Amino acid sequence: MNIVIVDYGLGNPGSILNMLRYLDIEATISDNSSVISNAKKLILPGVGSFDNGIKNLKTSGLYDVLMQKVLGQKIPILGICLGMQLMTINSEEGIENGFGWIDAVTKKFDFTPERGLKVPHIGWNRVNTENPNIIMYELQDISKFYFVHSYYVSCRRPHDIVCSTTFGIDFTSVFAKDNIYGCQFHPEKSHKYGMQLLKNFNSL
Amino acid sequence: MLQNRVIPCLLIQDNKLVKTVKFKNPKYIGDPVNAIKIYNEKEVDELIVVDISKKRYENGPNFNLIKQMADECFMPVCYGGGISNIDQIQKILKIGIEKIALNTAIMLDTQLISQAANKFGSQCIVVALDIKKNWLGKYKVTFNSGDQMINTDIVDFAKTAENAGAGEILINNIDRDGTWEGFDIEMIRKITSNVSIPVIAAGGAGNLSHIKDAITIGKASAVAIGSMAVYQSKGMGVLINFPKTKVLEEINNL
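First to last, the protein sequences are chains A and B. The letter at position 22 of the first sequence is residue 22 when you use our numbering, and the numbering goes up by one with no holes. The letter at position 119 of the second sequence is residue 119 when you use our numbering, and the numbering goes up by one with no holes.
With the rest of the complex left out, here is chain B (with noise of 0.2 Å):
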């Protein structure tokens, strides 16, 4: 049986490994390539990485980190932040990162997700939703780091980026990045209930029964854990953490 995946997913600023609150105040966790080698040893199912440093769009992506983790990587890889053009996606792939996760690039535009898709294969282009609500509560997509939000419907979004041939999405749900109080499940079935491709989903998770609504529930394929991977529990100190295969195979059987 396909297990449903949990993915550590980090946050990368100017080459350090970092843990934001509702996407702000980024506080320090440690050296990024270091914690990769530790989530190695600890089999974990696969890894996102997201660089969220200030200038990344001017700078472009940081491909000297990302050769850097992608040695370390024994696992599939998906990596995202800086992304704008096609020989970046290219030049990613061939450093042996299998999946690019797109975001800012296709705020105005999707035509990127088809480009890639049609060149490299839907598998490796996974379109990264950053949701919050707007002040009518209703939900709305978010461009560089939630900063911009646009007026199209979530689940319109996640359809025109399935139609032009992205392989997954992720979603993440801003107001709860970093809070661990459990996924957003009605954002989450929202977007599972209406595509056909698999969806990640992110923001509050704080525990194992956060992980498991998410996927039996929600429908999710595979949740991404922030916080939860990289301190010992709320408030708590560092601490490169993941949950054991045994439990993780508990969940998947429940």
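Okay, chain A solo, but in the shape it has when bound (with noise of 0.2 Å):
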């Protein structure tokens, strides 16, 4: 199978597929690890908490699936919303760790009440290029995307970083390393825009 979304019991594939079936790309939902083993690309949703995800993961034994295909055999991964935030080291949501996989970790927006900036972030948002890359092909200036979270991804190395969006912070709402990425906000909910992002996924 080209594209495998990693199914643990959190958030909304159904959209994700949904999407790339419009786009024509060949995809499939699975929780079953040789499916998983034998995808080509993965994309790893998920809504809901940071603990619940790795706890899901580690349960079902797709945890050291996934570490085998994305450090063994550096197959591209997309990581979304809370996906993304599980690929980090730790999150301030949980006490349990990320993957790791990149040198980042996930934070809580902290606001004083005065700013007037309503958790959590929802909404459509606009990214500005820190370092272009390839994730990001025909998607510059006027593009915007859909947001719904309380946590961000703050990365440590600025080169990884390929994206950031403002919201009483910046913070990086899409990385890359290697064959690693994570975007912050739902492309399958972000009209062409997000068309596009997962067009270049598949794409790589």
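These are computed hints drawn from the structure, not numbers from a lab. Fair warning: this is a prediction, and the values are worked out from it, not measured in the lab. Please note that a few of the clues may not be correct.
Said to hold, decoys possible - Some residues of chain B that are not near chain A, with every Cβ distance over 12 Å (derived):
hint, residue
1, V77
2, K140
3, G146
What the hints assert, rightly or not - Taking lysine-lysine pairs in the DSBU-like style, the calculated list, with each CA pair at most 35 Å apart, reads:
hint, chain 1, residue 1, chain 2, residue 2
4, B, K42, A, K118
5, B, K138, B, K37
6, A, K144, B, K246
7, A, K55, A, K108
8, B, K27, A, K192
9, B, K37, A, K199
10, B, K27, A, K107
11, B, K190, B, K133
12, B, K94, B, K42
13, A, K199, B, K27
14, A, K107, B, K133
15, A, K199, B, K133
16, B, K219, B, K37
17, A, K58, A, K74
18, B, K67, A, K58
19, B, K219, A, K74
20, A, K177, A, K199
21, B, K16, A, K144
22, A, K192, B, K16
23, B, K42, A, K144
24, A, K107, B, K16
25, B, K67, A, K199
Heads up, the beta-carbon is just placed ideally off N, CA and C, and yes, glycines get one too.
Assembly of the complex is requested from the two constituent chains, each provided in isolation within its own frame, with the hints serving as guidance.
Dropping the structure here:
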């Protein structure tokens, strides 16, 4: 299978599959380790809590399968929202360690009430290019994406940051390191901009 | 910068797209799935779909129709109507809907909010408050399409919902619904100044300056438009409609 969307019980993998189908990209959703082992590319989706995500991946045995695919075989993987956060070292949301594939940590938005910023950060926001990357091909300037999250990724190496987004602070909205990609927004819910990003991922 | 969302709010009755005035007299608009295809092409920020069929609680949510709609949506969708338990919520999320609006199921007990928020995350739980004034002119929360009024203060109810784990609050002024007369800014401010989660304002949108007022004066994070999204203008024919991106960006920059 070309792209396998990893189903570990959190989030709405259905809408990602829906968009890939619309784009005529061969993909499937699976929680089966042999299906995942045979994938050419992986998408790690997720909406929910950090610890639940890691625990579900460990109990199902998928954690080790993903480690092997990503660090061993080095196949392209795209983490979306919580999926992106799980790729970091750890999160202020929980006590579990993440995959640690990228030198980054996940932090909580913490604003004083006077700033009038409502958390979760919900809605359409822009991205600013920090380091051009093929994953954002044809997506500069006018692109906007749909975000919904209370925690954000903070990269320690500026070089890994592809895009940043401003919400109270500048946080990493897209990162890339070797075969590992993450985006905080939901491409599957971001109209043509999200479609372009998934096309770019498919072309890697 | 984060953009304030403008969200078409669609009403479904027995598989048909309809529009009410003050929650009464649903008028036939068209086929919901076709309408959604058009909103998709117009790249709307988000959609709210509410099923107001009479037997929605007896029959439960119409999963077939929800699936058909979800398959057409490449934008976030919030669904409400006929939901009374956690299994139904799970099923709807799995279909590919992002958010669930709860109303009648939480009239007597807000436990479903916390249950659902714990299991699926606050970001997918929207508490819908249908509000109207009682005979003393006090704002009250209602349920069952406005038919049942409870005595709780609207701010207290909104805070209870927030504490229970709601990710957003949708407030609808029933007396303004379908009137094109503008939002109830006083009601919006009451809620937005007392909760820290995003508030979606609904009820009364008739033009772009109404939308601007709800955002700049009311401090709403998002506004829902009903009549504006399905009619050409007040008293005119059906037109699946949405303000142009450029126009909305200008509002956001004001």
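Status of each hint after checking the structure:
1. V77: violated (8 Å)
2. K140: Holds, since 25 Å exceeds 12 Å.
3. G146: holds (27 Å)
4. B:K42 / A:K118: holds (27 Å)
5. B:K138 / B:K37: violated (40 Å)
6. A:K144 / B:K246: The hint holds at about 13 Å.
7. A:K55 / A:K108: holds (20 Å)
8. B:K27 / A:K192: holds (33 Å)
9. B:K37 / A:K199: OK: K37 of chain B and K199 of chain A at ~21 Å, within 35 Å.
10. B:K27 / A:K107: violated (48 Å)
11. B:K190 / B:K133: holds (14 Å)
12. B:K94 / B:K42: holds (25 Å)
13. A:K199 / B:K27: Status violated; Cα separation ~41 Å.
14. A:K107 / B:K133: Violated. K107 of chain A to K133 of chain B sits at ~42 Å, over the 35 Å cutoff.
15. A:K199 / B:K133: With Cα atoms ~51 Å apart, K199 of chain A and K133 of chain B exceed 35 Å; violated.
16. B:K219 / B:K37: Distance ~30 Å between K219 of chain B and K37 of chain B Cα, so the pair holds.
17. A:K58 / A:K74: holds (20 Å)
18. B:K67 / A:K58: holds (31 Å)
19. B:K219 / A:K74: Roughly 47 Å separates the two Cα atoms, so the pair is violated.
20. A:K177 / A:K199: holds (19 Å)
21. B:K16 / A:K144: holds (32 Å)
22. A:K192 / B:K16: holds (28 Å)
23. B:K42 / A:K144: holds (14 Å)
24. A:K107 / B:K16: violated (44 Å)
25. B:K67 / A:K199: Answer holds: K67 of chain B to K199 of chain A is near 24 Å, not above 35 Å.
Going through the hint list in order, the structure does not satisfy hints 1, 5, 10, 13, 14, 15, 19 and 24.
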